[in-house]
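Student: In the order they appear, the protein sequences are chains A and B.
Residues 7 to 117 in the working numbering are what the first sequence spells out, letter by letter.
Residues 2 to 112 in the working numbering are what the second sequence spells out, letter by letter.
These are computed hints drawn from the structure, not numbers from a lab.
Predicted model, so just to flag it, every value in this text is computed and none were measured.
Some hints could be false.
[To be verified] Non-contacting residues of chain B with respect to chain A, defined by C-beta distances greater than 12 Å in every case (computed):
no.: 1; residue: Arg18
no.: 2; residue: Glu73
no.: 3; residue: Thr87
[As the list claims (entries may be wrong)] Subject to a maximum C-alpha distance of 25 Å in a straight line, what follows is the list of computed DSS-like cross-link-like pairs (lysine-lysine):
no.: 4; chain 1: A; residue 1: Lys32; chain 2: B; residue 2: Lys58
no.: 5; chain 1: A; residue 1: Lys32; chain 2: A; residue 2: Lys62
no.: 6; chain 1: B; residue 1: Lys58; chain 2: A; residue 2: Lys104
no.: 7; chain 1: B; residue 1: Lys12; chain 2: B; residue 2: Lys58
no.: 8; chain 1: A; residue 1: Lys76; chain 2: A; residue 2: Lys104
no.: 9; chain 1: B; residue 1: Lys71; chain 2: A; residue 2: Lys104
no.: 10; chain 1: A; residue 1: Lys62; chain 2: A; residue 2: Lys76
no.: 11; chain 1: A; residue 1: Lys75; chain 2: A; residue 2: Lys62
no.: 12; chain 1: A; residue 1: Lys76; chain 2: A; residue 2: Lys32
All C-beta atoms in this analysis are idealised placements derived from N, C-alpha and C, irrespective of residue type, glycine included.
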Amino acid sequence: SQQGEEDPQALSIQEGENATMNCSYKTSINNLQWYRQNSGRGLVHLILIRSNEREKHSGRLRVTLDTSKKSSSLLITASRAADTASYFCATDFQGAQKLVFGQGTRLTINP
Amino acid sequence: DAGITQSPRYKITETGRQVTLMCHQTWSHSYMFWYRQDLGHGLRLIYYSAAADITDKGEVPDGYVVSRSKTENFPLTLESATRSQTSVYFCASSTNAREQFFGPGTRLTVL
Numbered sequence: 007s008q009q010g011e012e013d014p015q016a017l018s019i020q021e022g023e024n025a026t027m028n029c030s031y032k033t034s035i036n037n038l039q040w041y042r043q044n045s046g047r048g049l050v051h052l053i054l055i056r057s058n059e060r061e062k063h064s065g066r067l068r069v070t071l072d073t074s075k076k077s078s079s080l081l082i083t084a085s086r087a088a089d090t091a092s093y094f095c096a097t098d099f100q101g102a103q104k105l106v107f108g109q110g111t112r113l114t115i116n117p
Numbered sequence: 002d003a004g005i006t007q008s009p010r011y012k013i014t015e016t017g018r019q020v021t022l023m024c025h026q027t028w029s030h031s032y033m034f035w036y037r038q039d040l041g042h043g044l045r046l047i048y049y050s051a052a053a054d055i056t057d058k059g060e061v062p063d064g065y066v067v068s069r070s071k072t073e074n075f076p077l078t079l080e081s082a083t084r085s086q087t088s089v090y091f092c093a094s095s096t097n098a099r100e101q102f103f104g105p106g107t108r109l110t111v112l
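Take the sequences, apply the hints, and build the full model.
Tutor: What follows is the structure, encoded as structure tokens:
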């Protein structure tokens, strides 16, 4: 069964607005990652947050992690048309040397 | 070119035929992975390998065989293709099973 579940499944916003996506997981993790997938392409790693971290920034990306709630959020600020893609969270849970991906959030940025 | 490549990019086959999907990476990453991506299921791990000659099952291994005689190659074989194996297949590699680098994918159709 899936370890990570993203919410919402789809999100459509205007260019320049902020986009927030959420991920929930079930078991204790070592770290949580976010990936982007453009249509018809492979996944691209965006950011990794460790279980002992609460917030991390990378450019226009901000990721938070709440291990007590087993949830994470990805915020993309000042969205651009090029941010249109699917976004996946992936968990690396304790004792495992593999990632488990959620089903993704499909983000559409309207010009 | 350096990176991770998959071949073929598109494949149509018939039920019962054997099909091999190729994956090649030039980074000498120790870890390699095979995923399938289907609507409604996200990415699901088929098999992974921690090093040459070391492979292990993922979430959905039935009907698939892998081998890893060389660090840079990780072929995936469908021994007797079924319609349910119609999917997009992604190969990925990693130095530590955390941040993964994905290939462009192979779209497989089984008629």
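Student: In ascending order, which of the hints set out earlier in this document are inconsistent with the structure?
Tutor: Of the numbered hints, all hold.
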